[in-house]
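Enquirer: Using the sequences provided together with the hints, build the complete structure.
Respectively, the protein sequence lines represent chains A and B.
To get this note's numbering, take the position in the first sequence, counting from 1, and add 21.
To get this note's numbering, take the position in the second sequence, counting from 1, and add 1388.
No lab work stands behind these hints: they were computed from the structure.
Be aware that a few hints might be false.
Which stretches of chain A does chain B cover? Using the computed rule of at least three CB atoms under 8 Å from a CB of chain B, they are [unchecked claim]:
| id | segment |
| --- | --- |
| 1 | 51-62 |
| 2 | 73-81 |
Restraint ranges, calculated between C-beta atoms of paired labels, are given here [unchecked claim]:
| id | chain 1 | residue 1 | chain 2 | residue 2 | range |
| --- | --- | --- | --- | --- | --- |
| 3 | B | Gly1741 | A | Thr98 | 37 to 43 Å |
| 4 | A | Lys48 | B | Ser1435 | 49 to 55 Å |
| 5 | B | Ser1720 | A | Arg54 | 35 to 41 Å |
Chain B regions said to be covered by chain A (calculated; three or more residues, Cβ under 8 Å) [stated by the list, open to error]:
| id | segment |
| --- | --- |
| 6 | 1572-1579 |
| 7 | 1585-1593 |
| 8 | 1622-1636 |
Where a beta carbon is used, it is the ideal one built from N, C-alpha and C, also for glycine.
Read off the chains here:
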Amino acid sequence: MTKDEIRATALRVLGDIAPEADLASLKRDVDLREQRDLDSMDILNFVVGLHAAFGVEIPEADYPRFATLDGGVEYLTARLAAGVRR
Amino acid sequence: MPILGADMTAGTLVAWRKQRGDAVKRGDIIAEVETDKGLIDVEVFVSGVVEQILVPPGATVPTGTVLARIREEGPAPAAVSQPAAPATAPARLRISPAAKRLADELGVDPATVSGTAPDGAITREDVERAAARPAAGAPAAAPRGEADRLMRMRQTIAAAMARSKREIPHYYLATTIDMHRAMTWLAEENLRRPVTERLLYGVLLLKAVALALREVPELNAVWRGGQVVQSEAVHVGVAVSLRGGGLVAPALHDADRQGLGNLMRSFRDLVQRARTGGLRSSELSDPTITVTSLGEQGVESVFGIVYPPQVAIVGFGRIVERPWSVDGTLVSRRVVTATLSADHRVTDGHRGGRFLGAVDRLLQEPGRL
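Expert: This is the structure in structure tokens:
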């Protein structure tokens, strides 16, 4: 799976959680919570959605990697490349 | 039309989920109504058969209006309505002197007002609602935009909060709680749980509040019709911010009786429905206390305003590292400020202090929550 495909899937998951968010204008390197007023429940749902989409186990200690879209995509790219799936 | 908020005066019947002749049981969804809090599913409070549909889809009617009649399992027919809001005026008009004076001032005919006091008497709140409500049978509201929804929600919040500050003599307490054990336990617990079952820190707070209410039941009540009405179950309201602005505080039912895993699932479901629609009428009318947390916004202390007819609101700030004395040694600890704003007509600071003390103690034993 390419980085662009991972990003597209992550955006779809985010869209499911916050359907009113304008994803087209999302800044990839800016904190998602600040950009889209997400809270800890949203972040948990985001991680659950990514887990379902990619089959990657994401420990709670790694949640900060998903503060930005770019950070999350980098993390997933590395985990998928290493073949780390649940 | 059930009263789903302190200052809700009317609602629009959007759709019927049951039709004449359908059998219903307590808790079934019978209709969908639009309110300032969004689309709400109206539950029935008796089991029986729908005998009459009285309000057509699209109609906006005042709270207290009978929407349908259900023939109860038994001999006598019964009206479907919020139990606290009798659908029809009592045969003999009962109204308090204060409410009568207010009715005169506002030009409200008491004969057109439904009393909500336990004996059916008309209260000041009933008169205020009647003065603000649109005429019965008003045409259906036109589809409203997001800006309009927001404006109406702000008006609703403004009315409820202004009434609270006007009528409720608040007292305020605060305490600092050592969160070291709770956060350490939570991190270890979440390592064991699959991602779909992980707990949020907030669910520990909710459970601790629910269990503390068992210990200090005076705070598990509502103030209605000039008196305290005790709740038999523990239904904790959770303040949920809505993305477009505004907030809603639906109940987590029986929060004290749910294990943390189940409570977390209920919490996730409740937040999702609060933001996307599908809250139930009982979830808006049942809370006796609200829990609000602004820790994620960086706030250290939250002193809330009680949402009538509830009797208290508990606030949690953000977790911060502070010097903390443990057995005479100064260490760095994660702590949180918990506050209580409560109705002094119902409880005193002594009971409020015991309540916050119980929350603190319960959070020191997270494995037992």
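Enquirer: Confirm or reject each hint.
Expert: Going down the list of hints, with the structure as the test:
Look at the segment 51-62 of chain A against chain B: 5 of its residues bring a Cβ nearer than 8 Å to a Cβ of that chain, three or more, so the hint holds. For a cut-off of 8 Å, the count of residues in the segment 73-81 of chain A with a CB near a CB of chain B stands at 4, and the three-residue condition holds. The hinted range of 37 to 43 Å is not satisfied by Gly1741/B and Thr98/A, whose Cβ atoms lie roughly 53 Å apart. Evaluation of the 49 to 55 Å hint for Lys48/A and Ser1435/B yields a pass: the beta carbon distance comes to about 54 Å.
For the pair Ser1720/B and Arg54/A, the supplied restraint of 35 to 41 Å is violated, since their beta-carbon distance comes to about 26 Å. With 3 residues having a beta carbon nearer than 8 Å to a beta carbon of chain A, the segment 1572-1579 of chain B meets the requirement of three or more and the stated coverage holds. A count of 4 residues in the segment 1585-1593 of chain B with a Cβ less than 8 Å from any Cβ of chain A is obtained; the coverage claim is therefore met, three being the minimum. With 3 residues carrying a beta carbon less than 8 Å from a beta carbon of chain A, the segment 1622-1636 of chain B meets the three-residue requirement, and the given coverage holds.
Hints 3, 5 from the earlier list are contradicted by this structure; the remaining hints agree with it.
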